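Enquirer: As a plain string of letters, each chain reads:
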Amino acid sequence: MFGWEYPPRHLGGLGVACQGLIRGLVNQNVKVTLVLPFAADGSEDQIDILCPQEHHIQKIRVASLLLPYDSAELYAQRIQSIPRETAQIYGADLGHAVHVFTETSVEVTKHLQPDIVHAHDWMTYEAGLRSARHHGKPLVTHIHATELDRTHFHPNEWIYGRERWAFEQADHVIAVSNYTKNILVQHYGINPDKISVVHNGSDETYHADTAPTQITPMSGKKNPMVLFLGRLTIQKGPMHFLEMASMVHRHDPDVQFVIAGDGHMFPSLVHQAVKLGLQDCIVFAGKVSSDEARKLYTQASCFVMPSLSEPFGLVALEAIAQGTPVILSKQSGASEVIGHAFKVDFWDTEKMADCVLTILRETPLASQLTAEAPRVLQRLTWENQADKVVSIYKNLLHS
Amino acid sequence: MPPRICLYFQIHQPYRLRDLRITEIGKGKTMDYFDHDKNRSVFRKVAEKCYLPANRLMLSLLQQYPDFQIAYSLSGVFLDQCEEYGQDVLESFQRLAKTGRVEFLAETYYHSLSSIQDTEEFCEQTTLHIRKIEDLFGMTPTVFRNTELIYSNELAQTARLMGFKGILAEGTDHLLQGRSANLPYTPPRFRLPRRKEMLIARHRPLPQRSENISVLLKNYRLSDDVAFRFSDKSWVGFPLNAENFTDWLLGGGGHSVNLFMDYETFGEHQWEDTGIFEFLATLPHIWQERGITCATPSQVINAWKHTDAPVYDAHNVISWADTERDLSAWQGNQIQTSALKAIHALGPLVKATGNPDLLRIWRKLQTSDHFYYMCTKYWNDGDVHKYFSPYDSPYEAYRRYSHALCDLKMRVEPVKASRRDASTKNIKTSRRDVSNKQHTAHSNRPKSQSPIPNP
Chain A
1 MFGWEYPPRH LGGLGVACQG LIRGLVNQNV KVTLVLPFAA DGSEDQIDIL CPQEHHIQKI
61 RVASLLLPYD SAELYAQRIQ SIPRETAQIY GADLGHAVHV FTETSVEVTK HLQPDIVHAH
121 DWMTYEAGLR SARHHGKPLV THIHATELDR THFHPNEWIY GRERWAFEQA DHVIAVSNYT
181 KNILVQHYGI NPDKISVVHN GSDETYHADT APTQITPMSG KKNPMVLFLG RLTIQKGPMH
241 FLEMASMVHR HDPDVQFVIA GDGHMFPSLV HQAVKLGLQD CIVFAGKVSS DEARKLYTQA
301 SCFVMPSLSE PFGLVALEAI AQGTPVILSK QSGASEVIGH AFKVDFWDTE KMADCVLTIL
361 RETPLASQLT AEAPRVLQRL TWENQADKVV SIYKNLLHS
Chain B
1 MPPRICLYFQ IHQPYRLRDL RITEIGKGKT MDYFDHDKNR SVFRKVAEKC YLPANRLMLS
61 LLQQYPDFQI AYSLSGVFLD QCEEYGQDVL ESFQRLAKTG RVEFLAETYY HSLSSIQDTE
121 EFCEQTTLHI RKIEDLFGMT PTVFRNTELI YSNELAQTAR LMGFKGILAE GTDHLLQGRS
181 ANLPYTPPRF RLPRRKEMLI ARHRPLPQRS ENISVLLKNY RLSDDVAFRF SDKSWVGFPL
241 NAENFTDWLL GGGGHSVNLF MDYETFGEHQ WEDTGIFEFL ATLPHIWQER GITCATPSQV
301 INAWKHTDAP VYDAHNVISW ADTERDLSAW QGNQIQTSAL KAIHALGPLV KATGNPDLLR
361 IWRKLQTSDH FYYMCTKYWN DGDVHKYFSP YDSPYEAYRR YSHALCDLKM RVEPVKASRR
421 DASTKNIKTS RRDVSNKQHT AHSNRPKSQS PIPNP
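One line per chain: the protein sequences are A and B, in this order.
1 is the number of the first residue of the first sequence in this note's numbering; add one for each residue after it.
1 is the number of the first residue of the second sequence in this note's numbering; add one for each residue after it.
Incorrect hints may have been included.
Said to hold, decoys possible - Some chain A residues near chain B, calculated using beta-carbon distances under 8 Å:
#1 Gln58
#2 Lys59
#3 His251
#4 Leu365
#5 Gln368
#6 Glu372
What the hints assert, rightly or not - Pulled from the structure, derived: some chain B residues nowhere near chain A, Cβ distances all over 10 Å:
#7 Met31
#8 Asp80
#9 Glu134
#10 Asp135
#11 Ser180
#12 Ser231
#13 Leu250
#14 Thr274
#15 Thr337
#16 Leu346
Since the hints were derived computationally from the structure, they do not count as laboratory data.
Here the structure is a predicted model, which means the values were calculated and not measured.
Positions of the beta carbon are idealized from the N, C-alpha and C atoms, including for glycine.
Given only the sequences and the hints, what does the whole structure look like? Please build it.
Expert: Following this line, the structure appears as structure tokens:
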């Protein structure tokens, strides 16, 4: 398996999803050899053994500066910050880096004898394909985010082309939602018959007794808080969050907002927040750890995911696991699986604001969302989702 | 003698809410909560597919077969929508009424859940409905059917005291316990609390209370064969023809086979191309050949010459909804119960305004459909909606509804008085604040924790 970040280090779904899926597969007695891009100067010895089964996962690390959700610009920034001699090992630009990663990882996996080759997101697809060809085995391309999602349908043509080529070549494609499957069919022209949808899972569980008690009039005048959590990129819709926030603020100046996460839009978001007069009621929390994230979810009266195009949106599952009512962009995979939530078009910030204010005003509504939404987590375990992946493997091997 | 066939059809349309926004609340005295375009388009769609063609067919059957008779319950809000969106539909019902072989039943005007919430309101809405039927069709209903066939012993006694001689109910297996649904039943005899009896007497829609009341039970198997299974290709009875169905009707024997269903069965739930209209058209012909007569609910009751009837003991409330046949479709979760409680809590305030427009709006918001749209019973994550709803989700239904409630509340709250109260309160509170602050400063306690003195 050509994956990412094991264990997950960055905020974002890709590493978490890879880890969840691999653990699920290992539980199903699938032997996984994981090939990971890995910066040699980084924390090499940070090999955390998080659960006993992980002894069964063989990890192969390939020196690379590639990061999940990379773009040419981000890669260029990073490569400039390291010594030139080291940089040459990784590749001078993103294209070269992918090439280097591909060459190396194909080489180091030649001795393996896999039954299936499974690759996650475009940067690993060529490595996956060449490895599959070398071993004469089927290739599964797993898509967590397309270039169209990341760029709001203004793709880097080269990356888009790489993706499409890999989907065409793959024996089977796993999409993380029907939403993503539709994108692959409509915008990449991929045959729907070879795409399976396996929603992301969650190993979080919700315990009503440990959940924060609803803010009641007796608990004093604690201001309600509305949360955004995600990379500050166009895909995640932080600007729409601000627009929504300013409408909520106009109606109820007591509401606080927290934007957690970092990304290149940070300066423009701060600028915009001030322009909208939100400076006194908004906090930019920066990048947060998963513990901090959990705390923010529990503090929030509601969580808003206004993504412009969200293949899945694991944060939504994390939020409901903490008993937080959620408002989800209809342009997301999470909205397919979370029934007990408000779902709005990402551009309809007025309605988004209205849903926020309704949740804040209506205690029975908030408490029902809190209680009902997490039921889906019992069904969406990684074990169940890995089960679906295993049956896809079996179909491929027997066809 | 073979059992009589008792056909009764339910017709209702709610006033669906528009996409209300919080920013509109409290802004205007004339804010309109309802989605007229949507309501008109649904009404016209169903009119073209069901009401008009079905009524045409019924009229021709009534003219052709002297023994054919039917009963309808038309909700008051449906009749209001006829006046707004479909005079042609109303006239077609009036033509049916003129044949003299169509019975109209009484129900709550607003198709509400008032029977389980507010007895006085329940009586008033039933009275309104009876007057409406008298105005439009020139006859006074004597048999009552409650919203979604909601029924209980207590309701049967209430209806008896209101003056009805018959009431419809679902023939559920657990209450029948192996007995036939094809006989008129009687509720257990008991007295309601004195206050309630007096309340009913004061608001009784009909001139005098009845000594007895008969309960006509829906034969749900045979009714649902037509209403739900007619076009179901996986059903063992498919394709259903009028001959076979008549055999089944006779098979159970008894006094009458009560086929109760949504009128939308014809043309809307079962589309025209399923052959539902041909099926319906053939039935009276076969019944005539085989000497089977039809009877309306009041005729079924009048024809029962025995002095006693078996007891139908519905201690708990039943309905015709879902497999549960209970109230969970309307009050099964927190948002439903809170919305239901809130709308009925507004009653005294609305009535105190004496404003007929506000009263009408308040009552339109009592229509059971609003609560049904908030049902999450089968709202399993990711599953296809098993509930018909004009809205995206039960939460969207609640969002719109709660906005309407908030606005209505502001409109009915006694404005001047409350303002005066508020301003005097403010003065008092600010005085208290001062003393609080002194107290707080003295005890060095943070303000937020200072106890709120009782007024």
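Enquirer: Work down the list of hints and note, for each, if the structure agrees.
Expert: Hint-by-hint comparison with the structure:
{"no.": "1", "hint": "Gln58", "in the structure": "violated, 35 Å"}
{"no.": "2", "hint": "Lys59", "in the structure": "violated, 34 Å"}
{"no.": "3", "hint": "His251", "in the structure": "holds, 6 Å"}
{"no.": "4", "hint": "Leu365", "in the structure": "holds, 6 Å"}
{"no.": "5", "hint": "Gln368", "in the structure": "holds, 4 Å"}
{"no.": "6", "hint": "Glu372", "in the structure": "holds, 7 Å"}
{"no.": "7", "hint": "Met31", "in the structure": "holds, 15 Å"}
{"no.": "8", "hint": "Asp80", "in the structure": "holds, 29 Å"}
{"no.": "9", "hint": "Glu134", "in the structure": "holds, 40 Å"}
{"no.": "10", "hint": "Asp135", "in the structure": "holds, 40 Å"}
{"no.": "11", "hint": "Ser180", "in the structure": "holds, 41 Å"}
{"no.": "12", "hint": "Ser231", "in the structure": "holds, 29 Å"}
{"no.": "13", "hint": "Leu250", "in the structure": "holds, 46 Å"}
{"no.": "14", "hint": "Thr274", "in the structure": "holds, 31 Å"}
{"no.": "15", "hint": "Thr337", "in the structure": "violated, 8 Å"}
{"no.": "16", "hint": "Leu346", "in the structure": "holds, 16 Å"}
When the structure is compared with the earlier hints, violations turn up for hints 1, 2, 15 and for no others.
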